[in-house]
Amino acid sequence: MSSNKAFAADASRKERLKEWVSRPGGFGIITGCLMFVTITVVGFIYPLVGPFGTDEFVGESLEGPSLAHPMGLDQLGRDVMTRVFAAVPADIGIAFLGVTIPLVIGTVVGILLGISKNKQVVSIVSSLIDGINAFPLLIIAIAMVTFLGPGLFNVVIILTLMSWARYARIARTKAVVVLQENYIEATKLMGYSKRRVISKHVAPNVSSESLAYALSDFILVIIIVSGLSFLGFAARPPMPEWGAMIADGRTFIGQAWWLTVFPGLALCWSAISLSFIVEGLSRRDRGNA
Amino acid sequence: MSNALVQIDSLCIDVKVTRTRRLTIVNSATFDVQPGQLLGLIGESGSGKTMLCRSLVGTLHRRGAYINSGSLKFNGIDLIAASPKDWREIRGKEIGYIPQSALAGPNPVMTIGAQMAEAIQLGEKMDKSVVRKRAIELLEIVQIRRPEIVLKQYPYELSGGMKQRVMIACAIAREPKLIVADEPTTGLDVTVQAEIMQLLKQIRKDLNTSIILVSHDLPLINEVCDDIVIMHAGSTVEKIPSAKIQDTRHPYTEALYRSRIDLVEPRGKLITINGQPPTVGDWPTGCRFAGRCDYAKPGCSADVEIPSIKVGPNHLTSCLRQAEIWGK
Amino acid sequence: MSVTFKSFGYEVQAVKNVDFVLPQGKVVGIVGESGSGKSTFARVLSGLQEPTGGYVTYLGAPIQDGKEIYKGELRKAVQMVFQDPYSSLNPRMRIINAVAEAVRVHQNPNKSEAQQIALDLLKRMGISEIDAFKYPSSLSGGQRQRASVARALSVQPKILIADEPTSAIDQSAQSQLLELFSELIKDGLSIVLVSHDLGVIRYLTDNVYVMQNGEFVETGSSSKIFENPSNAYTQKLIASIPSSGKK
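Sequences listed follow chains A, B and C, in order.
Counting from 1, position 53 in the first sequence corresponds to residue 53 in the working numbering; the numbering is continuous, with no gaps.
Counting from 1, position 163 in the second sequence corresponds to residue 163 in the working numbering; the numbering is continuous, with no gaps.
Counting from 1, position 84 in the third sequence corresponds to residue 84 in the working numbering; the numbering is continuous, with no gaps.
Pulled out of the complex, with its shape left as it was, chain A reads as follows (with noise of 0.2 Å):
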């Protein structure tokens, strides 16, 4: 039952808003939005305007946090607070599209496979997809770094590969869910065009919750990317990159701690700012159950 004041058509968009930030959750929504897109926003813009460049030999190496340098410099006398941002499109932006395009592949693969009469073809998909969900995607994406070669664009191609299954089941099942529900037969009784139908009623009910399994991906894959260029299997020097500068510098943790750890924060950054807005989101589902 609404029980909601700021329902009313006349509250103020301020009301509103204040209404929205104090339902559960709303407080991590905020702050994990915040902080996601403040390293995201400076990721892309600091490394344009910032002083230095990511390869530029700017001091000695291995000299500490300085004012000129708060994040020190790295073993060749590259300014470590570049890098760090400069990696952002890199562990960020990789990893975005390593999550979108899973998710479109599998939600439309999903949706197709629940609307589907075609029991054979639904059942071979079906299997192929549980056979794909099977396989351990660390363990997969190594092996198969080591067939295709290392890089950034192959570790894309390697998470689409295997991550669009997992996109494809949530969305197939909630697919065919929803065409159980009495809305959709009411499109029948309306004589929409299937088209229609998929369309503006499938699809929006469906791709909810594929959205929100994405999010949580996200998480998953900055790391996956991260770990992989840890490994060497991804990013190749010189390309900044969270895992790789993290690689990098643990020859020379007992000297140079700043080498390690300001990459190491940025990740931890990223993912924990995407945590708040999942745990927001999870919490207001259930405070509204």
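Be aware that one or more of the hints could be misleading.
[Said to hold, decoys possible] Derived DEER-like restraints, expressed as beta-carbon distance ranges:
no., chain 1, residue 1, chain 2, residue 2, range
1, A, A143, C, S112, 54 to 60 Å
2, C, R94, B, R174, 25 to 31 Å
3, A, V21, B, D294, 38 to 44 Å
4, A, R195, C, S112, 19 to 25 Å
5, C, E50, B, N208, 55 to 61 Å
6, A, C33, B, K201, 56 to 62 Å
7, B, W87, A, D130, 27 to 33 Å
Hints were generated in silico from the structure; no laboratory data involved.
From a predicted model like this one, the values you see are computed outputs, not experimental measurements.
Backbone N, C-alpha and C fix where the C-beta goes; we use that ideal spot for every residue, glycine too.
On the provided structure of chain A, position chains B and C as indicated by the hints.
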């Protein structure tokens, strides 16, 4: 009145919505239950009747609700001050609960026998054969045929009516003094409903258990219960003996009574109660029914304390204008 | 117009060998308990399900043409309202859009005009303009049912099949919905009302079919059925209705 089994006085239940916001779900509930009485509790959704039930069974905290003020006494025990340990002694043993048939029900992954064993033992260790014997006895009381077979079955194998009978059997397992039945027949077929009502009446007679029967169906409550408590917008607005329902002294009860569909000729004008119940937490001042009341005068919405007026033996009302409308 | 229905068994014999007639301008009720097959029956009538045997005719002609039921324009003639208000409306679509969509597809493709028609229709159903722009989750069960009725009516059907429309909503919403139905009947709509609630059936219908285990055990005018039921099962049903004042 002092030998009442349950005494509720000006009970106020709040719910914690967000970190800072509280909603008052039950604003002032007052009534009592005598031993062996079949009391009906009627109200629309949002009237607070479910929360009231929860307070009697001690499950308010599960919804983030808590008793803000007033008193709630069962058999002399102050239920508001009861600790979880106290509740474990009361719940099931002194106060039983029958849930709404459509919502809860037997645990789908347990056999009926296992469920009943749980309800009978309530955490105490008992001899298996004793438990089984008692389970069969209980199933016979609720008129389930072939109880030995039913004990081995899973809930999905039973019909709605049978499942509800099992819930009743679980509720009476320890012969509690009070049973709270929250819409036990909603969603069941009318013939099954009639049988279950008969069953409840029988249980009341044989075990001298008090039963609080919650429903939104006035004709049902009227036929089955001794007395009726009517709730609206979080308060108890009237308590009246069933037999005297036509002598109601509260406009809401009158409207409920008049709006029954079996009184109207086919496709005639249905008497509906105007408007909607006020939204929870958005309570207007004064009498909360005033906005929908045909007899309302400006004085009804003033910021006055809503009274509880005795207008007959066992008949209380909280209509401010009752004397004017129906005479002394 | 009439809808005649003759059918044989159906899968697990949900509906067995029944005959049914809906005369023009009348309201027919189907009463039965859960599992009696009345919902299945309603779905066949509305064209959502195919009977395994027998046929349904509308205005004398069979509704099924090969694989298609209620082909083309005919689809608009018979509409249905479901029991569960919570799954009857697309949760991601505002009420106004759900109704306007139907108007756009069938009547008037102009967006703003269609929206206005939809708004007027919703207002007739007792849903204010403010509420019309809300999502289903912000409305009560009763409002959702009325929105579903609005959607069904947007294609101007001759027959409305209502499958337990009042079972999942509270008392006052029930009354409002039933009054709405009364008005629609006065305006010429024929209704097939499926329900287990005898009070509702008695209030709204001219004729009644009593269903038990997939068969019609008794049929007649509703006044006769309620005052003088001849079948034993019907008598049992009538006797189970609680009525105030009778202890």
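Taking the hints in turn, this is what the structure says about them:
1. A:A143 with C:S112: 54 to 60 Å: holds (58 Å)
2. C:R94 with B:R174: 25 to 31 Å: violated (52 Å)
3. A:V21 with B:D294: 38 to 44 Å: For D294 of chain B against V21 of chain A, whose Cβ atoms are near 42 Å apart, the range 38 to 44 Å holds.
4. A:R195 with C:S112: 19 to 25 Å: Distance hint for R195 of chain A, S112 of chain C holds at roughly 24 Å.
5. C:E50 with B:N208: 55 to 61 Å: With a Cβ separation near 57 Å, E50 of chain C and N208 of chain B satisfy 55 to 61 Å, so the hint holds.
6. A:C33 with B:K201: 56 to 62 Å: Holds - the Cβ-Cβ distance for C33 of chain A and K201 of chain B, about 59 Å, lies within 56 to 62 Å.
7. B:W87 with A:D130: 27 to 33 Å: violated (46 Å)
When each numbered hint is compared with the structure, violations occur for hints 2, 7.
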